[in-house]
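Based on the sequences and whatever the hints tell you, model everything.
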Amino acid sequence: MHVLDVARWQFGITTVYHFLMVPLTIGLSLLVAGMQTAWVRTSDPRYLKMTKFWGKLLLINFAMGVVTGIVQEFQFGMAWSSYSRFVGDVFGAPLAMEGLVAFFVESTFLGLWIFGWDRLSKRAHLACAWAFSLATMASAYFILAANSWMQHPVGIVFTDGRPRLTSIWAVLGNNTVLAAFPHTIAGAFAVAATFLVGISAWHLWRKHRESAADDPDRKVWHSSLRLGTWVGVVAFAAVAISGDFQGKLMFEQQPMKMAAAEALCHSEKPAGFSVFAYGDVARPDCENVKSLTLPALLSFLAHNNFSSEVKGVQDLVPEYQAKYGANYPVDERLGELSGKPIDYVPTLPVTYWGFRLMIGFGAIAAGVGVLALWLTRRGRVPRTKWFGRLALLSIATPFLANSFGWIFTEMGRQPFVVVPNPSGVDGVWMYTAQAVSAGVTVGEVLTSLIALTLLYGGLAVVEVFLIRRYVRAGIAGVMPPVPPEGDSDDGPDDGSGSGGGSAKSDDVLAFAY
Amino acid sequence: MSLPIFWFCVIALLWLGYLFLEGFDFGVGMLLPVLGRDNTERRVMVNTIGPVWDGNEVWLLVAGGATFAAFPGWYAALFSAAYLPLTLFLVALIGRGVAFEYRGKVDTERWRRNWDRVIVAGSWIASLGIGLVLSTTVLGLPLNEHGDRVGSPLAVIRWETLLGALAVAGYALVHGAVFLTLKTEGEISDRARRLALRIAPVALLPLVGLLLLVQLREGAGWTWVSVAVVLVAAVGALLRLAKGREGQAFALLGVAVVGTVVTLFGALYPNVLPSTLDPANSLTVAATASSSYTLTVMTWVAAFGTPAVLVYQGWTYWVFRKRIGTRHIPAVHVPK
Numbered sequence: 001m002h003v004l005d006v007a008r009w010q011f012g013i014t015t016v017y018h019f020l021m022v023p024l025t026i027g028l029s030l031l032v033a034g035m036q037t038a039w040v041r042t043s044d045p046r047y048l049k050m051t052k053f054w055g056k057l058l059l060i061n062f063a064m065g066v067v068t069g070i071v072q073e074f075q076f077g078m079a080w081s082s083y084s085r086f087v088g089d090v091f092g093a094p095l096a097m098e099g100l101v102a103f104f105v106e107s108t109f110l111g112l113w114i115f116g117w118d119r120l121s122k123r124a125h126l127a128c129a130w131a132f133s134l135a136t137m138a139s140a141y142f143i144l145a146a147n148s149w150m151q152h153p154v155g156i157v158f159t160d161g162r163p164r165l166t167s168i169w170a171v172l173g174n175n176t177v178l179a180a181f182p183h184t185i186a187g188a189f190a191v192a193a194t195f196l197v198g199i200s201a202w203h204l205w206r207k208h209r210e211s212a213a214d215d216p217d218r219k220v221w222h223s224s225l226r227l228g229t230w231v232g233v234v235a236f237a238a239v240a241i242s243g244d245f246q247g248k249l250m251f252e253q254q255p256m257k258m259a260a261a262e263a264l265c266h267s268e269k270p271a272g273f274s275v276f277a278y279g280d281v282a283r284p285d286c287e288n289v290k291s292l293t294l295p296a297l298l299s300f301l302a303h304n305n306f307s308s309e310v311k312g313v314q315d316l317v318p319e320y321q322a323k324y325g326a327n328y329p330v331d332e333r334l335g336e337l338s339g340k341p342i343d344y345v346p347t348l349p350v351t352y353w354g355f356r357l358m359i360g361f362g363a364i365a366a367g368v369g370v371l372a373l374w375l376t377r378r379g380r381v382p383r384t385k386w387f388g389r390l391a392l393l394s395i396a397t398p399f400l401a402n403s404f405g406w407i408f409t410e411m412g413r414q415p416f417v418v419v420p421n422p423s424g425v426d427g428v429w430m431y432t433a434q435a436v437s438a439g440v441t442v443g444e445v446l447t448s449l450i451a452l453t454l455l456y457g458g459l460a461v462v463e464v465f466l467i468r469r470y471v472r473a474g475i476a477g478v479m480p481p482v483p484p485e486g487d488s489d490d491g492p493d494d495g496s497g498s499g500g501g502s503a504k505s506d507d508v509l510a511f512a513y
Numbered sequence: 001m002s003l004p005i006f007w008f009c010v011i012a013l014l015w016l017g018y019l020f021l022e023g024f025d026f027g028v029g030m031l032l033p034v035l036g037r038d039n040t041e042r043r044v045m046v047n048t049i050g051p052v053w054d055g056n057e058v059w060l061l062v063a064g065g066a067t068f069a070a071f072p073g074w075y076a077a078l079f080s081a082a083y084l085p086l087t088l089f090l091v092a093l094i095g096r097g098v099a100f101e102y103r104g105k106v107d108t109e110r111w112r113r114n115w116d117r118v119i120v121a122g123s124w125i126a127s128l129g130i131g132l133v134l135s136t137t138v139l140g141l142p143l144n145e146h147g148d149r150v151g152s153p154l155a156v157i158r159w160e161t162l163l164g165a166l167a168v169a170g171y172a173l174v175h176g177a178v179f180l181t182l183k184t185e186g187e188i189s190d191r192a193r194r195l196a197l198r199i200a201p202v203a204l205l206p207l208v209g210l211l212l213l214v215q216l217r218e219g220a221g222w223t224w225v226s227v228a229v230v231l232v233a234a235v236g237a238l239l240r241l242a243k244g245r246e247g248q249a250f251a252l253l254g255v256a257v258v259g260t261v262v263t264l265f266g267a268l269y270p271n272v273l274p275s276t277l278d279p280a281n282s283l284t285v286a287a288t289a290s291s292s293y294t295l296t297v298m299t300w301v302a303a304f305g306t307p308a309v310l311v312y313q314g315w316t317y318w319v320f321r322k323r324i325g326t327r328h329i330p331a332v333h334v335p336k
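Chains A and B, in that order, give the protein sequences. Residues 1 to 513 (the UniProt record's numbering) make up the first sequence, in order. Residues 1 to 336 (the UniProt record's numbering) make up the second sequence, in order.
Hints should not be assumed to be uniformly reliable.
30 Å max Cα-Cα, derived DSS-like pairs, lysine-lysine [to be verified]:
id, chain 1, residue 1, chain 2, residue 2
1, A, K269, A, K122
2, A, K219, B, K336
3, A, K219, A, K248
4, A, K311, A, K269
5, A, K207, A, K248
6, A, K385, A, K219
7, A, K385, B, K336
8, A, K219, A, K207
9, A, K122, B, K243
10, A, K207, A, K385
11, A, K311, A, K323
12, A, K207, B, K336
What the hints contain is simulated information worked out from the structure, not anything from laboratory work.
What follows is the structure, given as structure tokens:
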């Protein structure tokens, strides 16, 4: 076992886990801010209930995203110190900006929003919701700009063996991030939309089966469902369009990644898109692989026409060797890889299946959304037994699509951690094997890998337990019942404080932990 | 002043903000079972920091990010060398962060008791851990010529850095007690005041010890002034607290943090992380700094960002300025 392998597993586990929370946080934050805006503008209590219910689920999830994010920032230095030294001049800046511009806003205004229900005016309180939700988007932009720079380094010169930043605007305006950001944000909204649809469809279905008419919160679930389905329609369309755009860019910037996405061994002209393969995809020579293929589609995905050539793995390897060298440099810190030949082919089963699972789960999620839209048209609620279960199960699909997308794109750039830019500055690339901390022992990284994995596993159980509990309880779980004599207050829109509804007269806090 | 020196000061300032702000929320967490005798009292305590602890923590994240951006070599060497303490620190921070949010979400004694344990342990470990890391960067490490740690994973644990760990934890304890005196009312506030006065002479000793150690080993002449400021401010804080002026006491503890940070970073300069093996391997402000373009960009971001942060975080403290007592705590309402 080597530090490199353990550190990669740790980065993979912690990052995939972190990115289970993040898209839900980003998508749901903005949708909750929208719900609260609807309430402030219309005073319709339905929107207050929506804000409270979805807001509570948001907070349960938000906390996990925040704490697992700290690990992300620390582990660059802890486990990847050689990487940090190499790229620090460029990569540190977007990270620091994320902290200074996004995290401060996010954490501060989230606190104001949680505790500020009776301390702030309605409008100021609403502004806090918008502040933290927009900050989550800003945060996504900065970290994607940093990631995109690793995928496609720009805005630099190469001096003394290290890239030096020459234009922050080139880094923030990298065409890679301009493609990755819409794709990621659309993916986040797809997650939030499916979450809304799944849970509200389940609620409607459950109440409907028990008693058709007397659910006071029926309107809440119905509005949530409609909101979710329409956001979903837009989000899934945006995911597909931005994904296509990003794919075409990747064919240019990282041809090996895209050849690996297809497990395309030999160049083809025109190239077909493999829908499903059986046999041993792992072999770069494609012996033993049979594949169900749509003719010429890959040429379209790569170059927008049905005739051009797409390069295969076996033709790309010699090109990469010619450009970036056939062997690792001789350096004791590379351990047993020192001076050895470089394997330029990513792990093909991971990239091939990762790419298909990303698209597949995304398509299932979108399909379920369309189905839900149809089944609930004009206020209908299906009675069939499977509907409730299917609604809840579908929530998992966009999460899986997001995870597989990231696994694909990060595994697909191996063996590089900083991928060379084909039209960029010469010399700026780094192999993952060179990036790991030189002074750190296997024992240390293994300790943190085990500790964090166990901790994350335990916390996942707790989070799912809490979300389930709050989902089942519905609106009653987040809003105390109005006291029976309580018509002394002024009308239905006065839910404003409502955390402490039972005792408005004294100074009881509207919300407290 | 050159850009690298300016950024060295900015990072000191971020540490200052972090120690002052998260210091008291660590303290509140550490004192949870001591000052909170029942669930309502513990809820009072948690709610004094509820709206702000997360914003306080971001000061550390930004200090880390700014170190990465401005001094990549410093960030890389320190974080990889202190691998195990930082892992423990991260586990503690994760635990206590989740605990604040989740402790009130299920209405059973057992649930709350477990999360309370996480808060207490997390606050202790995190404050000890960050003290260890801070004193490590000031007192140095066995570094080779690449800036990598030589020797065992526990090289960062020495009696000097353990003193640093106790210094931050002890300070957090007193700072938290004074904060609770200031932010709560009635019985809890009195209890917090008595506790602060009783423990301070012992709890602040490690801090004084650390400052003297650093000053004698690496200090410049002028940093004696900041050491003196810490001593005077700490004594002043206790005297004001005894007189019932907890606001002034809290502010004076802030002055003590200023003196502490000035002493530590003043003694550290021109290094950012000394090598205990060979002074030639020491990482310096000049040698680890990013290019002047990067630092210029960061300066512009900080010039607009930092005042904004101070304004809106200040506003948060203003919004939640009222003292909290048991009478303010609403009934528990969670799903059954």
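(Q) Which constraints among the numbered hints does this structure fail? Numbers only, ascending. (A) Violated hints (numbers, rising): 1, 3, 5 and 9; every other hint is consistent with the structure.
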